[in-house]
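Trainee: What follows is each chain in one-letter form.
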Amino acid sequence: MSIEIKGVEKSFGDFRALKSIDLSIRDGEFVAILGPSGCGKTTLLRLLAGFERPTGGEVVIDGKVVASSSNSLPPEKRHIGMVFQNFALWPHMNVTEHVRFPIRNHKQTPPEVRKQEKARIDEVLQLVGLEKLAQRMPHELSGGQKQRVAIARAIAARPALLLMDEPLSSLDAMLRMDMRREIQSVHRTTGTAVVYVTHDQGEALAMADRIVVMKDGEIQQSGTPQDIYLRPQNEFVAQFVSKSNLIPGSWQEDIFVPQGENIAIGWAGLEVAESFRQSGHYPVRPDQLELGQPGPGMLRGVIANVQFQGKEFHYDVRTDRGQWEVISSSSFKLGEEVSIRLPQAERKTNVRYVSQV
Amino acid sequence: MNTRKLWMLLTAAAVLFFFVLPIARLVLLSVQGENGLSLGVYTELLEQKRFWDALWNTAIMVLGSTLLSLLLGTASAWLMAYTDIRWKKAMHLLILLCFILPSYVLTLSWSSFMGVQGPVAQILNVLDPGARPWSVYSMGGIIFVMGIHHFPLVYLFTVNVLKKISRDLEWAAGTGGAGRLKVLFKITLPMALPGITAGGLLVFLASLDNFGIPAFLGTPVNISVLSTLIYEEIIGFGPSAFARGASLSVVLGLIAIVGTLLQWLSVRKSKQGETYLPDEQPRYFLGRHRLWIMPLAWGSLLLMSVVPLLSMILLSLRRSYGGSLSLSNLTLDNYRYILLENASTWRSIQNSFMLSIAALMICLLIGTAIAYFRVRRPSKMNGLAELAISVPYTLPGIVFALSMILTWMEPLPGWNPGIYGTTTLLLIAYVCRFLILQIRSSVTAFSQIDPAVEEAASVSGAGTRRRWQSVLLPLILPGLLGGGLLVFLTALTELTVSALLYSSGSQTIGVTIFGFEQAGSTLYSTALSSLIVFLIFVGAGLLGLTQKMLRRRRGGRLS
Numbered sequence: 001m002s003i004e005i006k007g008v009e010k011s012f013g014d015f016r017a018l019k020s021i022d023l024s025i026r027d028g029e030f031v032a033i034l035g036p037s038g039c040g041k042t043t044l045l046r047l048l049a050g051f052e053r054p055t056g057g058e059v060v061i062d063g064k065v066v067a068s069s070s071n072s073l074p075p076e077k078r079h080i081g082m083v084f085q086n087f088a089l090w091p092h093m094n095v096t097e098h099v100r101f102p103i104r105n106h107k108q109t110p111p112e113v114r115k116q117e118k119a120r121i122d123e124v125l126q127l128v129g130l131e132k133l134a135q136r137m138p139h140e141l142s143g144g145q146k147q148r149v150a151i152a153r154a155i156a157a158r159p160a161l162l163l164m165d166e167p168l169s170s171l172d173a174m175l176r177m178d179m180r181r182e183i184q185s186v187h188r189t190t191g192t193a194v195v196y197v198t199h200d201q202g203e204a205l206a207m208a209d210r211i212v213v214m215k216d217g218e219i220q221q222s223g224t225p226q227d228i229y230l231r232p233q234n235e236f237v238a239q240f241v242s243k244s245n246l247i248p249g250s251w252q253e254d255i256f257v258p259q260g261e262n263i264a265i266g267w268a269g270l271e272v273a274e275s276f277r278q279s280g281h282y283p284v285r286p287d288q289l290e291l292g293q294p295g296p297g298m299l300r301g302v303i304a305n306v307q308f309q310g311k312e313f314h315y316d317v318r319t320d321r322g323q324w325e326v327i328s329s330s331s332f333k334l335g336e337e338v339s340i341r342l343p344q345a346e347r348k349t350n351v352r353y354v355s356q357v
Numbered sequence: 001m002n003t004r005k006l007w008m009l010l011t012a013a014a015v016l017f018f019f020v021l022p023i024a025r026l027v028l029l030s031v032q033g034e035n036g037l038s039l040g041v042y043t044e045l046l047e048q049k050r051f052w053d054a055l056w057n058t059a060i061m062v063l064g065s066t067l068l069s070l071l072l073g074t075a076s077a078w079l080m081a082y083t084d085i086r087w088k089k090a091m092h093l094l095i096l097l098c099f100i101l102p103s104y105v106l107t108l109s110w111s112s113f114m115g116v117q118g119p120v121a122q123i124l125n126v127l128d129p130g131a132r133p134w135s136v137y138s139m140g141g142i143i144f145v146m147g148i149h150h151f152p153l154v155y156l157f158t159v160n161v162l163k164k165i166s167r168d169l170e171w172a173a174g175t176g177g178a179g180r181l182k183v184l185f186k187i188t189l190p191m192a193l194p195g196i197t198a199g200g201l202l203v204f205l206a207s208l209d210n211f212g213i214p215a216f217l218g219t220p221v222n223i224s225v226l227s228t229l230i231y232e233e234i235i236g237f238g239p240s241a242f243a244r245g246a247s248l249s250v251v252l253g254l255i256a257i258v259g260t261l262l263q264w265l266s267v268r269k270s271k272q273g274e275t276y277l278p279d280e281q282p283r284y285f286l287g288r289h290r291l292w293i294m295p296l297a298w299g300s301l302l303l304m305s306v307v308p309l310l311s312m313i314l315l316s317l318r319r320s321y322g323g324s325l326s327l328s329n330l331t332l333d334n335y336r337y338i339l340l341e342n343a344s345t346w347r348s349i350q351n352s353f354m355l356s357i358a359a360l361m362i363c364l365l366i367g368t369a370i371a372y373f374r375v376r377r378p379s380k381m382n383g384l385a386e387l388a389i390s391v392p393y394t395l396p397g398i399v400f401a402l403s404m405i406l407t408w409m410e411p412l413p414g415w416n417p418g419i420y421g422t423t424t425l426l427l428i429a430y431v432c433r434f435l436i437l438q439i440r441s442s443v444t445a446f447s448q449i450d451p452a453v454e455e456a457a458s459v460s461g462a463g464t465r466r467r468w469q470s471v472l473l474p475l476i477l478p479g480l481l482g483g484g485l486l487v488f489l490t491a492l493t494e495l496t497v498s499a500l501l502y503s504s505g506s507q508t509i510g511v512t513i514f515g516f517e518q519a520g521s522t523l524y525s526t527a528l529s530s531l532i533v534f535l536i537f538v539g540a541g542l543l544g545l546t547q548k549m550l551r552r553r554r555g556g557r558l559s
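Top line first, the protein sequences correspond to chains A and B. Residue numbering for the first sequence follows the UniProt record's numbering, beginning at 1 and increasing consecutively. Residue numbering for the second sequence follows the UniProt record's numbering, beginning at 1 and increasing consecutively.
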């Protein structure tokens with residue numbers, strides 16, 4: 001099963017929800033589509049499901065065009081499974097009936113599943129840990145159990161593609177962590193390709209093989225979680241995914257010199273993407289920065305806010321070039337003057353400092 | 001895409017034909033002179049004393065009964081929403097009963113209760129021989145019966161608004177130094193005002209529309225209001241009866257439209273504050289006042305509907321109207337007569353049943369389809385269609401009935417389907433008038449279902465038919481049945497539209513009761529009315545049971 005999204009566009013009236021999206025999903029791949037609300041991620045998912053028809057481009061599944069501006073295969077003929085944000089369980093059916101429904105109704109349900117319906121239902125319920133609740137009605141289930149039913153229903157007919165639309169957003173924080181593991185194990189066991197839409201970068205980083213970051217109907221960056229986290233390609237990805245500070249300064253080839261009075265250091269930036277070089281920024285995650293005693297030639301700031309988080313402190317440090325977020329394990333007081341350093345990339349560039357003295 | 005456009009065109013044409021054309025015809029006829037447009041009929045109308053009398057009577061009737069409804073409605077709403085009065089559920093049903101009973105049944109109940117042979121007269125007779133009860137056949141009687149028939153509308157609107165007023169607001173005023181009365185008049189009532197106004201305007205419209213009460217109580221003593229005047233004009237069949245009826249109808253219709261617009265505005269205003277959930281807990285404890293408030297509230301409610309109803313049923317069991325009340329005088333003869341001996345009555349019962357079942361089926365089907373598109377694919381087009389479909393129900397029944405006559409004598413130039421006076425025309429009229437009732441309850445049913453529930457069925461491989469069969473229908477059925485029963489009962493007891501559209505052979509229950517009453521056969525009219533009351537109770541009971549059974553599996557809640 002391969003899915004090709006070729007130049008797909010979608011407009012609602014004057015609003016362009018998707019602007020020429022190209023994306024391919026390999027068999028068994030777990031792809032997370034990550035972005036803030038209104039970025040078009042849900043529209044993209046609904047196009048894949050068949051609830052919306054593209055205004056341009058096409059969606060090709062296994063070499064067959066399933067959606068283009070002129071026609072669109074309805075969802076019931078696509079052999080997909082989908083998990084919805086608010087579970088979307090049927091109030092009048094019990095757990096078993098939920099799981100049985102797609103097995104009986106999907107035209108493409110594999111014959112061996114159809115023949116062994118009862119065994120398949122038991123197998124799926126066991127996979128999500130609901131074997132004891134098979135006869136329960138939705139109103140007799142907790143939030144986490146409801147989501148398990150939704151997942152069981154989505155995978156029961158061995159769909160070729162599993163779509164998930166913010167499936168954890170209506171659960172509380174503790175439950176979300178458990179459900180992440182659950183979803184990972186379902187993915188491992190079934191081997192189905194998953195397209196997972198979320199606005200929570202933690203979920204995307206934790207579970208996905210590949211993350212597609214979207215903003216304003218366009219793909220910003222696509223790559224492995226490490227790629228996205230460690231090597232953001234533009235300001236939006238740097239800020240949205242890894243909460244990076246964008247430190248202003250000037251680039252001299254691969255060396256970056258932060259703006260400021262009497263700065264005598266530079267940061268090596270071989271891996272920093274071109275767009276930052278052009279805008280004169282250096283993306284730094286809060287955990288990369290280090291605070292210490294102020295000294296000559298160093299970037300300096302004042303602690304503007306402190307939040308104790310248990311194993312570390314979250315600081316807002318005000319400098320004359322902006323306010324940065326820093327995570328540090330050492331303790332500083334509000335109003336204390338500190339130096340801000342990036343030890344892993346630091347190089348001495350005495351040139352400037354000397355010339356200015 | 002093209003078949004969809006074709007469907008849209010067909011639907012638009014049907015809506016125009018069934019809902020807009022009749023009104024256009026009516027207005028056109030009222031301004032048609034011998035050569036071209038003319039306001040001649042209207043000038044003639046304005047010179048008639050009869051018209052001005054009817055207009056004056058209408059104004060007094062509508063204003064008087066609206067005031068009475070407002071008073072009863074707000075008082076009962078306050079008691080139910082804020083105090084710890086007991087047996088609220090039973091009280092709620094008792095309040096609704098006044099409105100659920102067809103207006104002519106309530107009228108007959110009161111006329112038998114207050115009649116010369118009724119219980120009031122007998123008690124008075126014991127106290128003071130020669131004393132006579134107050135006659136309900138008077139303007140006062142009309143206002144009174146109409147007021148108690150319509151007050152549940154004010155109650156329903158107000159009780160919800162009251163429950164949604166945040167308790168904190170009243171406490172804030174209390175801590176600001178306002179006493180209980182001051183809180184009531186400075187905080188509670190002003191905040192409830194949009195709800196009260198909306199309910200009041202609805203009563204205003206219902207009073208304009210009502211034909212049964214003034215026809216039963218006013219016509220015998222020569223009190224005409226606009227709706228009965230139109231009826232008399234059309235039945236009288238003068239040379240220009242239709243034109244005069246049409247012009248009167250336009251006047252009545254215009255008043256109704258203004259009322260509707262005002263009502264719509266005030267509902268919109270009252271909705272703006274709907275951020276709080278209803279607060280079901282009592283805010284005032286009656287304490288020792290319970291001793292007089294409970295008997296007063298319960299006593300008045302029982303006296304309004306149940307006691308007169310019982311006296312009507314008792315009257316229907318009498319051997320003769322003049323006889324004294326004793327066991328030997330009780331008989332089922334009147335029921336035997338109307339059910340077995342009088343072919344025309346039996347025919348009317350059959351007609352009403354067939355008509356209401358057919359109307360129910362058609363409305364259920366078309367109304368639910370329209371509601372689905374309104375909820376799932378709202379657009380300007382189907383919004384306009386819904387507006388057009390609501391017109392026949394908004395207009396007073398007599399006005400709508402006349403427009404149906406005018407249209408269906410020759411719907412399109414050169415085409416006379418020959419259905420005037422038949423049950424077919426009655427069916428078309430019922431469907432056009434009551435379709436909006438089904439649409440509204442189906443819309444409510446659909447909007448309680450998350451679209452994702454349907455989409456989940458879709459991605460699970462279910463096509464359109466299976467989605468409806470396995471998911472949508474089971475979920476909306478309880479709501480659909482409620483709307484269906486409303487259409488069924490309203491059609492079964494309909495009087496106004498049928499009174500103008502029937503002819504011999506297509507009579508309905510309402511028309512037959514009206515006929516008995518006009519002929520002075522009170523025993524038969526009360527017997528048939530009692531039968532209707534029995535049917536309403538059976539229908540409501542069945543609905544309650546079915547809904548309970550359907551909902552039990554889901555734990556009583558849509559989620």
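Honestly, the hints are just simulated from the structure, not real lab data. Ideal Cβ positions, reconstructed from N, Cα and C, are used throughout, including at glycine. There may be inaccurate statements among the hints.
[Claimed, not checked] Each computed DSSO-like pair below joins lysine-lysine, with the alpha-carbon atoms no more than 30 Å apart: (1) Lys333/A - Lys311/A; (2) Lys243/A - Lys333/A; (3) Lys115/A - Lys77/A; (4) Lys89/B - Lys19/A; (5) Lys115/A - Lys146/A; (6) Lys132/A - Lys548/B; (7) Lys548/B - Lys146/A; (8) Lys64/A - Lys5/B; (9) Lys164/B - Lys77/A; (10) Lys6/A - Lys77/A; (11) Lys19/A - Lys380/B; (12) Lys5/B - Lys88/B.
[Claimed, not checked] For the chain B half of the interface with chain A, some residues (derived, Cβ under 7 Å), not all of them: (13) Val453; (14) Ala456; (15) Val459; (16) Ser460; (17) Ala462; (18) Gly463; (19) Pro474.
Trainee: For the pair we were handed, Lys5/B and Lys88/B, check the Cα-Cα distance against 30 Å.
Mentor: Roughly 52 Å between the alpha carbons, so the hint for Lys5/B and Lys88/B is violated.
Trainee: What's the verdict on Lys333/A and Lys311/A, does the C-alpha distance respect the 30 Å limit or exceed it?
Mentor: holds (17 Å)
Trainee: Would the pair Lys19/A and Lys380/B pass a check requiring their Cα atoms to be no farther apart than 30 Å?
Mentor: At roughly 28 Å apart (the allowed maximum being 30 Å), Lys380/B and Lys19/A satisfy the hint.
Trainee: Are the Cα atoms of Lys6/A and Lys77/A separated by 30 Å or less?
Mentor: holds (21 Å)
Trainee: Within a Cα-Cα threshold of 30 Å, do Lys115/A and Lys146/A meet the stated pairing?
Mentor: holds (27 Å)
Trainee: Under the criterion that the straight-line Cα-Cα distance not exceed 30 Å, is the pair Lys89/B, Lys19/A satisfied?
Mentor: violated (57 Å)
Trainee: The hint names Val459/B as touching chain A; please verify it with the least Cβ-Cβ distance against 7 Å.
Mentor: Cβ of Val459/B sits 4 Å from chain A, so the hint holds.
Trainee: For the pair we were handed, Lys243/A and Lys333/A, check the Cα-Cα distance against 30 Å.
Mentor: holds (23 Å)
Trainee: Holds or violated: the hint that Gly463/B contacts chain A, with Cβ atoms closer than 7 Å.
Mentor: This interface hint holds because 5 Å falls under the 7 Å limit.
Trainee: Given Pro474/B as an interface hint, is its Cβ closer than 7 Å to any Cβ of chain A?
Mentor: Holds. Min distance 5 Å.
Trainee: Sort out whether Lys77/A lies within 30 Å of Lys115/A, counting only the CA atoms.
Mentor: holds (20 Å)
Trainee: Run the distance test for Lys64/A versus Lys5/B: straight-line Cα separation, threshold 30 Å.
Mentor: holds (29 Å)
Checked against the numbered hints above, the structure violates hints 4, 9 and 12; every other hint is satisfied.
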